[in-house]
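Q: Spelled out, the chains give:
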Amino acid sequence: MSQPTSALSNGKTASAPQWGRWLSLDNRYVPPIFITLILLAGQATYGILESYQKTLLAIATAMVVELILSRVFVGKWPHLASSYITGISVGILLRSPAYWPYAVCAAIAITSKYVLRYKGKHLWNPSNFGICVVLFLLPTSVAMLSIQWGNNLWSLVAIWILGSVIIWRLKRFHISATYVVSFLLLAVLRAWIIHEPVLSEISPITGPEYQLFIFFMITDPRTTVRSKKGQALVAFLVALLEMFFRFDQSVYAELYALFWVGPLAMLVEMWWNARRMKPATPAPAAALMPNAEAARL
Amino acid sequence: MKRGPIARIVLILFFIGLIVVPVMVTRRSAAHNADQAQTSEKTALARYGFYFTEVSKQAGVNFVHHAPVLDPKLAAIMPEVASMGASVTIVDYNQDGWPDIYVTNSREGTMNALYRNNHDGTFTDVAPELGIADVNKPGTGVSMGAVWGDYDNDGYPDLFLIKWGKPELFHNDRGHGFTPVTDVAGLPKWMNANTATWFDYDGDGKLDLFVGGYYNEDIDLWHLRTTKIMPDSFEYADNGGRKYLFHNLGNGKFDEVSARVGIKSRRWALACGTADLDGTGHQDLFVANDYGVSELYLNDGKRFHEVGEQSGVGFSPKSGMNVAFGDIFNNGKYSIYVSNISEAGILIQGNNMWVPQEATAGGQLHYVNMARDLGVELGGWSFGAQFGDFNNDGNLDLFLMNGYISLDRNRSYWYDFAKVAGGNSTIIGDAKNWPAFDGRSLSGYQEKKVWLNDGAGKFEDVARAVGITDIHDGRSVAVADLWNNGALDVVVANQDGPLLIYKNTVDPAEKWIEFKLEGTKSNRDAIGAEVTMYWNSQKQIQEVTSGSGFAAQNELRLHFGLGKNPHIEKAVIRWPSGAVQTLDQLSPDQLYKIEEPK
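Here the protein sequences line up with chains A and B, keeping their order. Here the working numbering is used: the first residue of the first sequence is 183, the next is one more, and so on. Here the working numbering is used: the first residue of the second sequence is 16, the next is one more, and so on.
What the hints contain is simulated information worked out from the structure, not anything from laboratory work. Please note that the accuracy of each hint is not assured.
Only some residues are given here: those of chain A computed to face chain B with a beta carbon under 8 Å [stated by the list, open to error]:
| hint | residue |
| --- | --- |
| 1 | SER278 |
| 2 | LEU317 |
| 3 | GLU451 |
Even for Gly, the Cβ is constructed at its ideal location relative to N, Cα and C.
Sequences are here, hints too, so could you generate the full structure?
A: Following this line, the structure appears as structure tokens:
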């Protein structure tokens, strides 16, 4: 999960609603504030974290690595909202009795932004990449949050309402909505195919990791395509690939689906854009400009 | 990017290193553990000072546990909901000085067994003739465990049978038979409990009884009115069975006082234990709950005060399945071992070793989980565990049961389990929403752990090397000196599997001492008495307890390993009555029978 706002706009919302001063807040701060609220509310009510220290370690690691890499490789100090979300996401989602996986995962996530790039853009959502890598390669050391939040309906409803409002404001509600509708329809299909109770197939989306996945990960503007229809299509494809991972009994199906679909969609879009722009210029001018690149990070 | 190719290469190498180094370290560590080869008995004796030999057949014990078969509405997930009931307790029921073994069965119509120690390495099941075998009759529920305590101070331990169904209290008729006294005692008609323990919470010299419920007591698991019987959360469930504290009135009757003394909880209790953790002379109560946090009830002699969260043990919810106390650092303080679930890549709860910290300014108890630092964190789907000095080197070691449901080796239920367990309470709370088990395993075929304490803050798993190689679904483990030879033997009860007796052979150069305590002013079993052993300028405390581990009870005798050439300084007994007795002139390799001064 990361930087949902940095690319949404260059600061303020284009058309600030009338109902509330808070809505005029710089968009870059909205997701960090939202996810922090989730963290604090979850910790106060259910003690969702193994420890504050581990979450703080993940946040600190993400921010320090971002500061260093941005300064060294981009030449400017970065805005830390993005790395803060990456760190806090790792801190919430990752489960390990040890401290080091939190630091390693956060560092991998942030570093991936600077290493795994194509034509000046990073392809993976950082926290999705970091968490998938450690889940896949370090299964004896880490797992992912799955059963926090008390399995309680009201905390779920509160997060969904607040999340929807914020995502709506950030003009990315269509992504979350497409994914949720797709997931539910495909859950019914899955249940029919494998002869399992429908509610058991719907169950995952009522859990906490999906709330974070839906509101923070798949909506990351830096790692999805630009057009609204394209974004909805990508969200559907994530749900579709997830279905096949679920047929293969992959516990972290949604993460792995995004891991594959997100970068592929980006590459397809880049290829498509390059084809359209080919007669005009040999390479996108923006990709050669350090400042534009810095903005993408 | 502004930097040149060299900087890019450094960045890429850093990135690769971030990924590769942890992978290499963890794989090397795993390989090291896997390399722990089976060794010969001679090698194990030379290297670790002991080895185990499984002798159940030679001992004449061929007990096999059978899991419950509950209401057909639960058929799809029967392996999960009927996954407990195998238990083992050690008792000298006839007071002949030799530990006997009582084991439970859990299918309607099956028999429990009481294996009388024949003093020659063999055992004979005497439960049928003594009246405590046929206790799983249809309509009365089935056994989940047992605890022994001499509630009427007549010198013979009585039996409380923990059940999903009608609990049973049996009076021990001087070792010649058992009389059911449940109704006279005033115990409830039905409960769905998995844990209990005897202790004298109010210091009146009579043993009281704590029982922890699992499923709600209103549920008859053989005749369900609804399938909404599952926990409403996998980490914060509070729809389980109630807790009971039966105050011993001294006339064969008990008064249920839990609410009056501050014990109100509906968490899903799976294990409990008592020890004087705060040095007040009163036994405190620790409860490990499935689907939630543990609870620590400090006892002021009249009331209990739940301090789980403040003390640190009740903050992070896991799947508590064991409570065992051990002075693992030989510093006169009990650490508490609570087992949980760890499955690679899916759920890494890790077991907890709660180590007490130095008292804060306010004098409050505070614990820190040091399981990882000590090396006793990852077991598997862990159940019972017991401390014991298996090689008599003077440091308490740890024996851990693992393995949940072993069916088809090649197909796992974990995906479906995780899929539903993470969902909303309305989904997970109803058994009909759970996918069918369909013969799959869930953390099955797991090895046990025998963690050897090096006395310097590290435990090493030597299970295979010392002869523990079974991969049954381990539940309950109890330790006792079954051969009266100064070595702690181990008895293991497996779910839907055989009872195993591991006879321990210890290097004779490693010395030991044992104490059999008998209360006079205190309860006769001396449950709650604490012995501090001083030798070689170190000390270790142990307390006589009833229920310990998971659905288990160790022998009441206390066993101290002393190492080679020990210089014994003294032993100090603090009796439950408050009396303190100092024993000098003690010799190693002896069993001392001590009666409380009148």
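Q: Does the nearest C-beta of chain B fall within a distance shorter than 8 Å of the C-beta of LEU317 (chain A)?
A: Since chain B brings a Cβ to about 6 Å from LEU317 (chain A), closer than 8 Å, the hint holds.
Q: Are SER278 (chain A) and chain B close enough, Cβ to Cβ, to be under 8 Å, as the hint says?
A: Since chain B brings a Cβ to about 6 Å from SER278 (chain A), closer than 8 Å, the hint holds.
Q: A closest beta-carbon separation below 8 Å is what the hint needs, so does GLU451 (chain A) meet it against chain B?
A: 22 Å, violated
The structure shown violates just one earlier hint, number 3.
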